[in-house]
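Engineer: Place chain B on chain A using the hints.
Below, each chain spelled out in residue letters.
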Amino acid sequence: MSEKPEKLIDKKGIRLDGRKTDELRPLKLEVGVLGNADGSAYIEHGKNKIIVGVFGPREMHPKHLSQNDRMVLRCRYHMAPFSVQERKSPAPSRREVELSKVIREALEPSVFVDLYPRAGIDVFVEVLQADGGTRCAAITAASLAIADAGIPLRDLVVGCAAGKIDDTVVLDLYDAEDKLGAADVPVAIMPNLNAVTLLQMDGILTPAEFETAVSMAVEGCKKIYAIQKEALRTKYMTVKEEAEE
Amino acid sequence: MSTLLTRVRQKQIGQLIDAGKRLDGRGLTDYREFTIEEGLIERAEGSARVRLGKTEVLVGVKVGTGEPFPDTPNDGVLTVNAELVPLASPSFEPGPPDENSVELARIVDRGIRESKAVCSEKLVIVPGKKVFVIFVDVYVLNHDGNLIDASALAAVAALVNTKMPNYEIEDGEVKIKTGYSPLPLKSHPITVTVAKINDKLVVDPWIEEEQVMDARMSMAINDDGNICAIQKGCPGFFTPQQILEAAKIAQEKAAELRKKLDW
Chain A
1 MSEKPEKLID KKGIRLDGRK TDELRPLKLE VGVLGNADGS AYIEHGKNKI IVGVFGPREM
61 HPKHLSQNDR MVLRCRYHMA PFSVQERKSP APSRREVELS KVIREALEPS VFVDLYPRAG
121 IDVFVEVLQA DGGTRCAAIT AASLAIADAG IPLRDLVVGC AAGKIDDTVV LDLYDAEDKL
181 GAADVPVAIM PNLNAVTLLQ MDGILTPAEF ETAVSMAVEG CKKIYAIQKE ALRTKYMTVK
241 EEAEE
Chain B
246 MSTLLTRVRQ KQIGQLIDAG KRLDGRGLTD YREFTIEEGL IERAEGSARV RLGKTEVLVG
306 VKVGTGEPFP DTPNDGVLTV NAELVPLASP SFEPGPPDEN SVELARIVDR GIRESKAVCS
366 EKLVIVPGKK VFVIFVDVYV LNHDGNLIDA SALAAVAALV NTKMPNYEIE DGEVKIKTGY
426 SPLPLKSHPI TVTVAKINDK LVVDPWIEEE QVMDARMSMA INDDGNICAI QKGCPGFFTP
486 QQILEAAKIA QEKAAELRKK LDW
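Chains as they are written, first to last, in the working numbering: chain A, 1 to 245; chain B, 246 to 508.
Excised from the complex, chain A in its bound form (with noise of 0.2 Å):
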């Protein structure tokens, strides 16, 4: 690792990357990329680049676990061992273990389960370059590869973090800003349901603090709102064109 910067935050509040306090990285999204999935979508998110694809709904496997009032939605997150600086095991790690479920957590609200009673739906999220800020952004894709499968939703879902380096509170914290800074709060959102389904937070708030960075990545997951359903939109926009012609 590089040495630690003095400071990740300039007087004028420019962060390391150019950025401004409030600023998102460049966002890139895309529905419909993998031919076998049921639904799936690409999102770049800074350097993060993440692939996600939805099977389903379909039978549970194994069958023991399906349940027979509701639909089983399964979630695994995972990390291309090429996708930091040191490789990383394939093997599932702890982190990832936590991450798949808090991810499910986040996505399950948004879900009519109780329309596909037995049957079971099954999330991957491949991690293919991670900078930081990873399962919000895989929450993002994520939520429009479920929507790209045809699976009813009450709303998308879609993260966004704040965090704290210096003595700031900052928006979508990237790789250099989130293992220096004092904080990171990670948090997922079903915009038009003014309900937060992702909450984490490691570090140090007061409770003003916390406040304010609570609000800030509500405002950027609003933000990348926008950006998900102008790709939903793109997709299914190309897809009328070509059966009109």
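Derived from the structure by calculation, the hints contain no laboratory data.
Cβ coordinates follow ideal geometry from the N, Cα and C atoms, glycine included.
Wrong hints could be hidden among the right ones.
[Unchecked claim] FRET-style restraints, in silico, Cβ to Cβ: (1) 23(A) with 503(B): 35 to 43 Å; (2) 314(B) with 61(A): 34 to 42 Å; (3) 95(A) with 318(B): 49 to 57 Å; (4) 95(A) with 299(B): 30 to 38 Å; (5) 33(A) with 503(B): 47 to 55 Å; (6) 74(A) with 266(B): 35 to 43 Å; (7) 74(A) with 361(B): 32 to 40 Å.
[Stated by the list, open to error] Computed footprint of chain A on chain B; a stretch qualifies when at least three of its residues, placed anywhere within it, have a C-beta under 8 Å from a C-beta of chain A: (8) 346 to 355; (9) 467 to 481.
Structural biologist: Same frame as chain A, but now just chain B:
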């Protein structure tokens, strides 16, 4: 968990909570009675048992030596592991740790790590080569709800109870001497879990409430009242207002619990 029984219970618990009451007679923001016993396991360098209502968690701390992580050559190592022991609940099964025990361990770990509770720089024996490794093992003995708070409390109590072996270095070898000194601690985080049931917030959910809750939020609060870790859990949601409200409740409860402790 959507058996018929839990659905009936869900209605009952929900109606009670709407009226500001709970099935076990507590108010919405009442914490269950708890006791802490320290130093029950002589073989362990530190140990503590917490009883929170009928929930019972034993934490043992073992101290070993090992190599530091390459990126933190001047820090000791802390690892937290949690075992949902099959004798603690009919729903626990033997086998490798499942996602629930991994999550529990990581929440306890994050509370201790992010509050910088353990002075890791004082655990260095030979910088970059040899450091103390603190193994915190959470052993759930009886599950009656809110394992997170009980485990976090027991873990910090066990660290407070931990005695570090005295040592000297002879020809590059570590020689253990007689006598012990306490593990250096900088802070004592207290974790408080708030559950959302029927759109209302309740503190310290017990097992019947956990089976019907929409979501939970666990917050680790530092000695000075700052928040040092959060985990939202379960497939439900909070509104932003409820999050701030829950954070306030957690801070008040942490301060209240802290008064009962001699940390």
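Engineer: Each hint needs a verdict: does it hold in this structure or not?
Structural biologist: Hints and how they fare:
| no. | hint | result |
| --- | --- | --- |
| 1 | 23(A) with 503(B): 35 to 43 Å | 39 Å, holds |
| 2 | 314(B) with 61(A): 34 to 42 Å | 38 Å, holds |
| 3 | 95(A) with 318(B): 49 to 57 Å | 22 Å, violated |
| 4 | 95(A) with 299(B): 30 to 38 Å | 32 Å, holds |
| 5 | 33(A) with 503(B): 47 to 55 Å | 51 Å, holds |
| 6 | 74(A) with 266(B): 35 to 43 Å | 37 Å, holds |
| 7 | 74(A) with 361(B): 32 to 40 Å | 36 Å, holds |
| 8 | 346 to 355 | holds (count 5) |
| 9 | 467 to 481 | holds (count 13) |
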